[in-house]
Amino acid sequence: MIKEIDTRSNEQFVHLHCHTEYSLLDGASRIKDLVRRAKELGMPAIAITDHGTMYGVIDFYKEAKKQGIKPIIGCEVYVAPRSRLEKSAVEGESYYHLVLLAENEIGYRNLIELVSRGHSEGFYYKPRVDREILARYSDGIICLSACIAGEIPALLLKGNYEGAENLALEYRNIFGPNNFFLEIQDHNMPEQKQVNASLVKISQKTGIGLVATNDLHYIERNDSECHDVLLCIQMGKTVDDPGRMRFPNSEFYLKSPQEMAELFGEFPEALTNTVSIAERCNVEFTFGRHLLPEFPVPDGLSAEHYLRQLCHDKIPERYNETTEEISKRLDYELSIIEKMGFSGYFLIVWDFINYARQDGVPVGPGRGSAAGSIVAICLE
1 MIKEIDTRSN EQFVHLHCHT EYSLLDGASR IKDLVRRAKE LGMPAIAITD HGTMYGVIDF
61 YKEAKKQGIK PIIGCEVYVA PRSRLEKSAV EGESYYHLVL LAENEIGYRN LIELVSRGHS
121 EGFYYKPRVD REILARYSDG IICLSACIAG EIPALLLKGN YEGAENLALE YRNIFGPNNF
181 FLEIQDHNMP EQKQVNASLV KISQKTGIGL VATNDLHYIE RNDSECHDVL LCIQMGKTVD
241 DPGRMRFPNS EFYLKSPQEM AELFGEFPEA LTNTVSIAER CNVEFTFGRH LLPEFPVPDG
301 LSAEHYLRQL CHDKIPERYN ETTEEISKRL DYELSIIEKM GFSGYFLIVW DFINYARQDG
361 VPVGPGRGSA AGSIVAICLE
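Going letter by letter, the sequence shown gives residues 1 to 380 in the working numbering.
By construction, these hints were calculated from the structure, which means they are not laboratory data.
For clarity, every value in this text was computed on a predicted model and none was experimentally measured.
Don't be surprised by glycine CBs; every beta carbon is placed ideally from N, CA and C.
Misleading hints may appear alongside valid ones.
Unchecked claim - With a cut-off of at most 20 Å between alpha-carbon atoms, the simulated PhoX-like pairs for lysine-lysine come out as follows:
1. K126 - K87
2. K158 - K201
3. K328 - K339
4. K255 - K39
5. K158 - K193
6. K65 - K32
7. K65 - K39
8. K328 - K314
9. K32 - K66
10. K255 - K193
11. K32 - K255
12. K62 - K39
13. K205 - K193
Stated by the list, open to error - For each label pair, taking beta carbons as the anchor points, the in silico distance ranges come out as:
14. K62 - E225: 28 to 36 Å
15. S327 - I106: 42 to 50 Å
16. P362 - I58: 33 to 41 Å
The whole structure should be built from the sequences, with the hints applied where relevant.
Have a look at this one:
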């Protein structure tokens, strides 16, 4: 049974910004170990927010369910400085970070859409989205402003407080008044302390909620060396290279609720908001079902009836004589297809094969048992 979240504990906390092994050559947290450690620390839930991808979501979901901890599905997306369609940097920046969490199934579908379009439309060094497409697919998503690589912190570090506040208000308008949060972190970095002070000020002025995260990239503090090696592999550098990119310290691990409470005791709402967000995020997956598009069939017909009709209409064109053996074979194949629920699938394949042939796209003879199927021959 999934552990219920106890909001009465003042030490309760949920990690909402977590990188697993699927943040390739950056995350050093194996999903199984990450979930196990979160459970050991008494956490009722944990999120997955890998960089620009959702490859690990299913493994993460299954492991969390297996260990009795609530999975929160998310992604740390890359946001283009202007349009995702502009393949160029703006003032030296090609992208910023933004954390998105699926609140429900609609949010999960929108998150998939955003990540997919980031790869297919906005790829420039990284798969990028932009505010236009975020607004289009914002329903059911809770947004966090991300680490100091986020655009709001970047503006604050440049001294542009007004720009940061305006952008925070824009994101609140995009995602809704209760679905955008300002993310504060404390890895003992001076620039974070500077950003946090301004984020608190923006929160007090605008009413936008604060949320505390640790941007974890590994599980235990002593895993930081392994993470450092991953970064070297990513950048093609050696650990002795003085000019390479590295994390400033070993604070990016899965901290306990008590450790987070010590860091953010001054901002208790930033801790309790993590629990509130975790309670709101409820995405359930169902496995073992065939999720096929619904093929449009003529009125009054089911996919099964339409497939049978097509085969019976076409069989005289394929055979000079429709013998009893051929008829029995056709009915047997159709019964198997119907029993497996694949009638719609056969119609879908028939449709795109016809389209390919009409457009001069070469089509192969099929493979395996399909090459000897009377149904397949009828639909040729």
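Results for each hint:
| no. | hint | result |
| --- | --- | --- |
| 1 | K126 - K87 | holds, 11 Å |
| 2 | K158 - K201 | holds, 16 Å |
| 3 | K328 - K339 | holds, 16 Å |
| 4 | K255 - K39 | holds, 12 Å |
| 5 | K158 - K193 | holds, 14 Å |
| 6 | K65 - K32 | holds, 11 Å |
| 7 | K65 - K39 | holds, 11 Å |
| 8 | K328 - K314 | holds, 16 Å |
| 9 | K32 - K66 | holds, 10 Å |
| 10 | K255 - K193 | holds, 19 Å |
| 11 | K32 - K255 | holds, 17 Å |
| 12 | K62 - K39 | holds, 15 Å |
| 13 | K205 - K193 | holds, 19 Å |
| 14 | K62 - E225: 28 to 36 Å | holds, 29 Å |
| 15 | S327 - I106: 42 to 50 Å | holds, 48 Å |
| 16 | P362 - I58: 33 to 41 Å | holds, 34 Å |
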